[in-house]
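Chains as they are written, first to last, in the working numbering: chain A, 1 to 79; chain B, 1001 to 1079; chain C, 2001 to 2149; chain D, 3001 to 3149.
Because the hints were derived from the structure by calculation, they are not lab data. One or more hints might be untrue.
[As the list claims (entries may be wrong)] Simulated crosslink set (DSBU-like; lysine-lysine; CA at most 35 angstroms straight-line):
hint, chain 1, residue 1, chain 2, residue 2
1, C, Lys2032, B, Lys1004
2, D, Lys3097, D, Lys3053
3, D, Lys3127, A, Lys4
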Amino acid sequence: MKVKITFYGQAADVVKSNSIEWDFDDSISAFGLKKSIQVKYPQISSIELKLAVNNKMVVKDFDLNDCDEISVLPPFSGG
Amino acid sequence: MKVKITFYGQAADVVKSNSIEWDFDDSISAFGLKKSIQVKYPQISSIELKLAVNNKMVVKDFDLNDCDEISVLPPFSGG
Amino acid sequence: MEQKLRKPKPIFKQGAISAESIGVSIANHQTKTEIGAHNIFMGQVRADEIEGKKVVAIEYTANEELANEAVFAIREKAFEKYDLTCMHIYHSLGEVKVGEICLFIFVSSPRRNAANEACRYILEAIKKDAPIFGKEIFDDSTHQWKVNN
Amino acid sequence: MEQKLRKPKPIFKQGAISAESIGVSIANHQTKTEIGAHNIFMGQVRADEIEGKKVVAIEYTANEELANEAVFAIREKAFEKYDLTCMHIYHSLGEVKVGEICLFIFVSSPRRNAANEACRYILEAIKKDAPIFGKEIFDDSTHQWKVNN
């Protein structure tokens, strides 16, 4: 299963990438993915991150589906 | 002693005059004048009135001087 | 230290306050780079209906000198209470038709809370303390005196 | 009763929000004669100084779809909570220089309290819930990520 991960703001800055694709052999949950991202990119573990899946904010954990689009969102600072 | 009395807003409307001059033989206080106005123009006694003397709001009573200019102010309704 | 003599600025404009002049006023603040937040209040004449009659305009009169003094005092107090960069206050005199703007309060501050709170403070203080009188003119040419709540 | 399908309005403008467009927006409300009070908040990019370096601009990015949805939800909630006539919200994307306007919230209501409270509610909710990211650019071309408080 493949998901697309887009990094925003400071998260994109720190991982030096706006968008990546990841393949998984097994199913993975939203929070599981977040943990994997933090392991892969330890430099963002100091940033508080929120996730959105297919442009819905993740409020509780659930299993991801093939082709899901994940947004990795650092603290908002609009205005 | 002579004072000039200017009516504003609804007060001018009700007494049908913008400005009058009054002569007094004796000295009179600000609140005394207010009472005299209400006696002379009973139609404004239902309106809550504030006074200003020489463009200072009257907060406590004092004796008027010759040539004082009195403003008779109904409730404010700016904005 | 030399004390700057501060004098009341006249707040009154004859007739409505134009949207265009407000745009210009906003543009004039873009050189003040310590500002982070602007708050604007505008009062607009509302087509209220009372017993089948419709308000078509408000005619404002005032003791101008006293009102300018009162607003100046409000202004000074607002600068004392809140961290503000600048402040502009205009009120109409004479006739202002429904849909037109009769009061403009423009407060700028480094921070949003100060701007918002000061704007509100000034609005309430003007309604309470400035000797300005609004006469609501109805579509049948009768009138009633506006009451602030 | 037929339910009107409500769709998020795009809130983003490329670059700064012009004072002129704000003047036009105000003028457009003069036909809405049920309005008695307008409240406007404008965020302006401030020339903050941090460790001897000066902010010269903020560069905004966002998840636009998510941000439009978030602001739409805020908008709907504000209409539910307060008696409002209309509401306009714009936020900049890309570079906004110091002194320029990056956020515009314009709320109109029959009454002043609703306009003021709604404006403030919307401002706080946007800062909290809209996935928008501000990068403060310094005069030496370094940057830091803006943090909302």
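Has the given pair, Lys2032 (chain C) with Lys1004 (chain B), been kept, meaning a C-alpha gap of at most 35 angstroms? violated, 46 angstroms
Assess, step by step, whether the Cα of Lys3097 (chain D) is no farther than 35 angstroms from the Cα of Lys3053 (chain D), and give holds or violated. holds, 15 angstroms
Does Lys3127 (chain D) pair with Lys4 (chain A) here, judged by a C-alpha cut-off of 35 angstroms? holds, 27 angstroms
The structure fails hint 1 only (numbered hints given earlier).
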